[in-house]
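Build the full structure now, drawing on both the sequences and the hints.
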Amino acid sequence: MSTLISNVPEGPIKDKWTNHKNNIDLVNPANKRLIDVIVVGTGLAGASASATLAELGYNVKSFCFQDSPRRAHSIAAQGGINAAKNYQGDGDSIHRLFYDTVKGGDYRSREANVYRLAEVSGNIIDQCVAQGVPFAREYGGLLDNRSFGGVLVSRTFYAKGQTGQQLLLGAYSAMNRQIGRGKIKMYNRHEMMDIVKVDGKARGIIARNLVTGEIERHAAHAVVIASGGYGNVFFLSTNAMGSNVSAAWKIHRKGAYFANPCFTQIHPTCIPVSGDHQSKLTLMSESLRNDGRIWVPKKLEDVKAVREGKLKPTEIAEEDRDYYLERRYPAFGNLVPRDVASRAAKERCDEGYGVNATGEAVYLDFAASIERYGKEQAHVRGLDENDKAVVQKLGKEVVKAKYGNLFQMYYKIVDQDPYETPMMIYPAVHYTMGGVWVDYNLMTTIPGCFAIGEANFSDHGANRLGASALMQGLADGYFVLPYTIGDYLSDDIRTGAISTNSPEFDQAEAEVKAQIDALINNKGTQSVDYFHRKLGKILWNQCGMSRNAEGLQQAIVDIQKLREDFYQNVCVPGSANEFNEELAKAGRVADFLELGELFAKDALERAESCGGHFREESQTPEGEALRDDVNFAFVSAWEYTGQPSEAVLHKEDLTYENIELKTRSYK
Amino acid sequence: MRLTLKIWRQENTHAEGAMVTYPIDNISPDMSFLEMMDVLNKELIEKGESPVAFDHDCREGICGMCSMFINGEAHGPDRNVTTCQLHMRKFKDGDTIHIEPFRAKAFPVIRDLVVDRSAFDRIQHAGGFISVNTSGNTQDANATPISKHAADTAMDAATCIGCGACVATCKNSSAMLFVGAKVSQYALLPQGQVEAADRVQHMVDQMDLEGFGNCTNTGACEVECPKGISLENIARMNRELLKAKLL
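In order, the protein sequence lines correspond to chains A and B.
All residue numbers for the first sequence refer to our numbering, where the first residue is 1 and numbers rise by one.
All residue numbers for the second sequence refer to our numbering, where the first residue is 1001 and numbers rise by one.
A couple of the hints might just be wrong.
[Said to hold, decoys possible] Counterexamples of contact, computed for chain B against chain A with all Cβ distances above 10 Å:
1) Pro1023
2) Asp1095
3) Ser1118
[To be verified] With a straight-line Cα cutoff of 30 Å, these simulated DSSO-like cross-link-like pairs (lysine-lysine) come out:
4) Lys1042/B to Lys523/A
5) Lys1105/B to Lys1245/B
6) Lys1092/B to Lys310/A
7) Lys1090/B to Lys396/A
8) Lys412/A to Lys1148/B
9) Lys393/A to Lys1148/B
10) Lys185/A to Lys1090/B
11) Lys412/A to Lys1006/B
12) Lys412/A to Lys1042/B
13) Lys375/A to Lys1148/B
14) Lys1171/B to Lys412/A
15) Lys1047/B to Lys523/A
16) Lys1090/B to Lys312/A
17) Lys523/A to Lys1006/B
18) Lys537/A to Lys1047/B
19) Lys1042/B to Lys534/A
20) Lys585/A to Lys1245/B
21) Lys1006/B to Lys513/A
[To be verified] Okay, the calculated bits of chain A under chain B, using three or more residues with CB under 8 Å as the criterion:
22) 279-290
23) 578-585
Just so you know, the hints here were simulated from the structure itself, not pulled from any lab data.
For every residue, glycine included, the Cβ atom is placed at its ideal position computed from N, Cα and C.
Spelled out as structure tokens, the structure:
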């Protein structure tokens, strides 16, 4: 086992980033014109990086599998983006955001990266406002904030329940300006099929045009992977249908280490699964926990009556309700971090208190907020605060203004009105903290290949706090990578254009074509989704909210068998030279089938519980996660060797110089 | 539920297309429309036929990728939803459902129900931005107060998901609701004022170049828009354009 070099600069933590920026090499503007950069993915990280690199003068080629960069799944982020602006004067600071993020991640993230993230967070808000992002404002014209889980301040900026959409459209607009100028060449409906290395360095990619099926070669001096997370390995998740691990997995196979794959976030507030036909799960933003109270009935007979439709939740008396988060975690209440809230919901449902037909749902109730806001408004307007109808009407108006689009979404899916009856929610796979291992410069173990946003592992440890994904994506793309990539590219100013006519490109293209031909010519009997759903079930059952050694060992065996079955029996209709979504899906599922195995292996090796990774063997008597800092205060970075479960483990030791390692408590 | 689907099949942009009938059974009213399409495609694949190509991604009504003209309406019979948020409970057992692509000269069919909406992107390239570089040195976000009303109205315009329902539904295939929404977002904010005149002219020029039709105030776009973008945005765009041309 070797030790990884994280390249974290020396010096006090608050000076590291500034000193690093002052000391790294730059590329002069004339030379930037001679350098090409490929960016794969156009979510917040990819779009912001593409735009900024192009503004700086690099020639950028951007790729997305969707029909427009604006479709990337960052668009679906609802609640908000954190920044240590302290506009509310409630004691926020860079240090506090840094501390909350490291603590929220259960002390498994890299201190220096997180500090830098907190440091640039304020700039993100300034930049977005300058771009015309319509953040929510107060009547005085200044920016409004709200609170998210795991923190005690209000530092979350938002644009209704569509913050991700507005931030992505901001980054997309910055991209559009550069596309118009010709500094970004945009490749929509293209999928990265492999990375090409020349003399050990990343020098290009093989891409497939998803409309014509054509295989293309693209060369560059550096390749940036911004392809998001791998939550869809579970089949059912809040990710978009097309979200995939393939770009990250392809570079892993070519030498990039993959870090902490078992660190997955199960989000507590999603709309429960309704049946076997389900194709994806829908998130109900964490921001709802600002105003919603989570509960299940106290009595099992009430649970039974509710399930049979004989009792309505609104008919259950206050004293017969168990607000279990408020009961277990009085300090943070409904705003505990996501991993804690998810496990608490599972615990109640496992005990038989789930409130829907499948027994896997809890209530998220707005009645108290509607009443509180209604009274406040009645008071402001000089109306009768004891008139129930007036209070209800005014309260609902306030809630609608805050969360209208989320309530509408819930209503359309579930066919129940959340203004009148509590929402039913259950945890679902949402985000992956693990990802490609990167150093402080966001470079992977392949020189010249960088990974940013959710695709890398570095900032969220074992659990991500709400509203921090948008912050990290934009921090990486706008403010970190554009500096650090220059340090690497400064050695390339005399290299000249990279040719695609080389044996390395020939070989990579031949391998891609061979895999496509094999899938097309397989002529099996089962659809791609059949295998994907099976893989998802294995992962959800054995590697979901709670894991144990026996189950994980079984998962490895089951996934290996499923992969064999896939290659024997998968059916991909149509041909390689046409618009063929089944073919695109087959390639992605093939990669998920390998990642799944590494995921289980990583979860098996990490015999402690931390953040979203809960090992049944490692818990406190109260059932809280029990971390083991003596044996597991490291990042697991896996090196590909052929069989995923035989990957070689490299450890990056995590040292905490600025924050004391202690047991996370939200009580 | 048992249904009869009549679906537009077209192999590629240059091929001739036709409506093809597919009976389908065992559809749950709780399924989304796209999950119903998944069931159909699974059956087609198992029978060795080619599945129906359709665009989709987030399946929660925000990415704007899904399209489909269902029984003569963009995104189907429900209001304020995209096709992916439409549920089968909006249909009755025994219904016949006609499914076509979003049709417009500027949206050529790629395959079956998939159309090319890159014309929308090109309109954005022409001016859908504020020319500010990423520097980390912009002024503090709270330096310029913006009235809540202006911010909220800009936000309402900015919620456009770029799906193209407005174009598909308009008898003139006009993209004015789409363009008006972007022009309005920036026109309502102080940050957008500096380039307002250039922006509206460039975007409208590109819109015309792409072959979108003109607006005759029918208002169908506003009715069919899954995000409820208001027709006022078209009026605001026209005002901005007039201002840009006169001043």
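Right, here's what the structure says about each hint:
no., hint, in the structure
1, Pro1023, "holds (18 Å)"
2, Asp1095, "holds (18 Å)"
3, Ser1118, "violated (7 Å)"
4, Lys1042/B to Lys523/A, "holds (15 Å)"
5, Lys1105/B to Lys1245/B, "holds (28 Å)"
6, Lys1092/B to Lys310/A, "holds (27 Å)"
7, Lys1090/B to Lys396/A, "holds (26 Å)"
8, Lys412/A to Lys1148/B, "holds (29 Å)"
9, Lys393/A to Lys1148/B, "holds (22 Å)"
10, Lys185/A to Lys1090/B, "violated (42 Å)"
11, Lys412/A to Lys1006/B, "holds (25 Å)"
12, Lys412/A to Lys1042/B, "holds (25 Å)"
13, Lys375/A to Lys1148/B, "holds (23 Å)"
14, Lys1171/B to Lys412/A, "holds (28 Å)"
15, Lys1047/B to Lys523/A, "holds (12 Å)"
16, Lys1090/B to Lys312/A, "holds (25 Å)"
17, Lys523/A to Lys1006/B, "holds (28 Å)"
18, Lys537/A to Lys1047/B, "holds (25 Å)"
19, Lys1042/B to Lys534/A, "holds (15 Å)"
20, Lys585/A to Lys1245/B, "violated (49 Å)"
21, Lys1006/B to Lys513/A, "violated (36 Å)"
22, 279-290, "holds (count 4)"
23, 578-585, "holds (count 4)"
In the structure shown, a violation is registered for the earlier hints numbered 3, 10, 20 and 21, in ascending order.
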